[in-house]
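Chain residues, written in single-letter form:
2 protein chains.
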Amino acid sequence: MNITSTEKACPPVLVVVGGGFGGLSAVKELDGKPVKIILIDRSNHHLFQPLLYQVATAGLSPADIAQPIRAILRNQENVTVVLDEVKEIHPETREVVTGDLTFHYDYLIVAAGARHHYFGNNDWEPLAPGLKSLEDAVELRRRVLLAFEVAEKAPTPALREAAMTFVVVGAGPTGVEMAGAISELARFTLRKDFRRINPAEAKVILIEAGPRVLPTFDPTLSESAMNQLKNLHVDVRVNSAVKRISEGEVQVNETVIPTRTVIWAAGNKASPLAAMLGTEVDRQGRVKVNADLSIPGHPHVFAIGDMITATYDGGKPVPGVSPAAMQAGRHAAKNILHLIQREPTEPWNYFDKGSMATIGRNAAVAQIGSFKFGGLLAWAAWVFVHLLFLIGFRNRSAVFLQWIWAYFTYGKGARLISGPTGRWGILTLTKHDS
Amino acid sequence: MNITSTEKACPPVLVVVGGGFGGLSAVKELDGKPVKIILIDRSNHHLFQPLLYQVATAGLSPADIAQPIRAILRNQENVTVVLDEVKEIHPETREVVTGDLTFHYDYLIVAAGARHHYFGNNDWEPLAPGLKSLEDAVELRRRVLLAFEVAEKAPTPALREAAMTFVVVGAGPTGVEMAGAISELARFTLRKDFRRINPAEAKVILIEAGPRVLPTFDPTLSESAMNQLKNLHVDVRVNSAVKRISEGEVQVNETVIPTRTVIWAAGNKASPLAAMLGTEVDRQGRVKVNADLSIPGHPHVFAIGDMITATYDGGKPVPGVSPAAMQAGRHAAKNILHLIQREPTEPWNYFDKGSMATIGRNAAVAQIGSFKFGGLLAWAAWVFVHLLFLIGFRNRSAVFLQWIWAYFTYGKGARLISGPTGRWGILTLTKHDS
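Chains as they are written, first to last, in full-length UniProt numbering: chain A, 1 to 434; chain B, 1 to 434.
Any given hint could turn out to be false.
Identical chains blur together in the list; that is why a pair holds if it fits in one copy or across any two.
The calculated DSS-like cross-link candidates involving lysine-lysine, where the alpha carbons are at most 25 Å apart (straight line), are [claimed, not checked]:
# : residue 1 : residue 2
1 : Lys372    : Lys28
2 : Lys203    : Lys33
3 : Lys36     : Lys192
4 : Lys203    : Lys36
5 : Lys372    : Lys316
6 : Lys33     : Lys372
Simulated from the structure, these hints should not be mistaken for laboratory data.
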């Protein structure tokens, strides 16, 4: 950063948009390299997204799975971190524009991720929020915990039952995790906390439009996951499409379910920045990148992570998971070094290390290569891998202790309702004496 | 809760308003006693308020110092916890009214605490928020951390300096803690995080209307605290009155200080519920209780904690600290048992165990009986006492580990900016290239 142009040649400027797994991996790959990096993110923290559902269900605190981006990169001298939201990208003039500032770049990596996809029903978002950011997780935690409070005060059995019904839409990994974790919260953690309701009577309903849960996994694992969900008393409904969401109810196929808590885990849509790159996007708004991860027509612009669509091993779609984002980030960084040295870029091939989804205590599924397994062993593997990945996060030991503690006590450490509790949402309570 | 009136006489109903140190101590004292307790609080958690400044300065996470009230009382069968905000108290008809519900009581303990006192300048509140609740702490943390982000992007030296100026109003224990903690955050934790600013150049200004800091402590300790604050580069200004607070500046005496972060720690005002008890209140809205902590004219209604004014040892005012609230809570509970058994109530006498205020790492003051000391010894005593009091909080070990870690690394674990970061408040940034 202290290079004066009279002494040395100015290094080229790389702007990286997004400090998630993809963007951060690209930046770290370029540590010590002759490039000036500007990393722009609209939040000040990097998020360990695979554990976000734990914050939403009060198992972990926000700070346990988030780390300030500045702190992560404090010793990497060729990076400037900017807290700001990118509004526009202009590949023709090589400019990135935030609300206040304009950044010129020589190279660009866009790693802006994805948000939820409501398939044309954007009015459902406030009624059925999803889970992508810490703010999402804290909001879901507030809704889930408040639902039990509302049930405890509900004046009629019908209102009580609606308050204690939780509908999770979409049975991918996030939906399965949320459904399992809410059921465990109700059946174990909150068991003795209330006087008028029995939290174990909570109904958790998992809705899936397709014929099986975890559709990206092997069918035998879908069946294993289905059985493990049933053991956790989750009511799984496949071949079920959400037709309507309104205050106080969800219509699934022809059935109307009264509920005050709906969680959306049914689909992703790429960041709107994808559409600003001036190239083709698919139905989920994802950029169709070249083999080397650059954008068609703009060899100095790269896109990575959940906002791209790519294939590997001759046609299989790359999944929207953190290992894929990290591999792509490192690969894009290497290709930028090639370009700086006037060498040809290399095509990216995703290396699949396997997939896992956790369902609850001792309950998970995993497929690693041709090995497919469920239950306690898969759960142990899931815990091991997630602790391993938390390396670099200074809170790893705190998370580990929290998990050990929670395993033996079923206690949840972060059961805070943030924000207003005075408004009771859709349930109107009538006066009654205690 | 399972007593049927045909088998046993119905126990009397005690309503407790507020689950802070006072209310919770009263409830716990009545564990197993023949009284049906309804504890009403507007938040779902009990807060370890003495460490709230640590959340506001990113040292601890909200969940580290808060515990769900339901979890604390889950095994005490004679308590029902209600999450609701009390709007009205009617001592004549023995009713407590929330938004939705009306509760009849035989006995009442009001322990609703205090909020900030702006001495008639309530329009200062959004510009200079105080520190009483977790929401307050998260908001202050957001403002403090965001100030450095704004400074990093500021286009002119004047705007940068304003962004890096922090004004704390009021040099009681909270003001001293906040000033010291912000200075340490800037000088140590954030030291290497920025590229354009040097966080150590932040100015922390502590404003006190009176002639010395920590006015409730012995004058020798005020002087010790003053020196310790100076060592931490805090600019302490005594005999300084805030005349005006507006967006972007504070006027102190005749001096105008440009700043975007003002923290209010200058005074307390009792909960508005105090005025509903139909008895005399002092200038800070605090109830003048009888010697037995009951309300004049209502021997079955008790008030405790920060919302009362009381004296001890022949005229000294009882301080607004947690040990006083806890002692009063237990005493009010015992007096209610006396009333139930048709015995006379007993007067309360506060037992002063001493006072401490922390300033920073190795910096504090303490007076315990006739012992008065400052510096490392006082700081060690402060840490010891606060860890001791955290017993009962299941997060004690996590907090302890966090402290040990922070002590050796100067790292702050909870450096999250929650909520919107897109709006930059009072500083308008003009376009400029990176």
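The hints, checked one at a time:
1. Lys372 / Lys28: Answer is neither: 33 Å inside a copy and 51 Å across each miss the 25 Å cutoff.
2. Lys203 / Lys33: neither (54 Å within a copy, 35 Å between copies)
3. Lys36 / Lys192: between (56 Å within a copy, 17 Å between copies)
4. Lys203 / Lys36: Neither, since 53 Å and 30 Å both go past 25 Å.
5. Lys372 / Lys316: within (19 Å within a copy, 73 Å between copies)
6. Lys33 / Lys372: Neither. Shortest intra-copy (41 Å) and inter-copy (56 Å) distances fail the 25 Å Cα cut-off.
In the structure shown, a violation is registered for the earlier hints numbered 1, 2, 4, 6, in ascending order.
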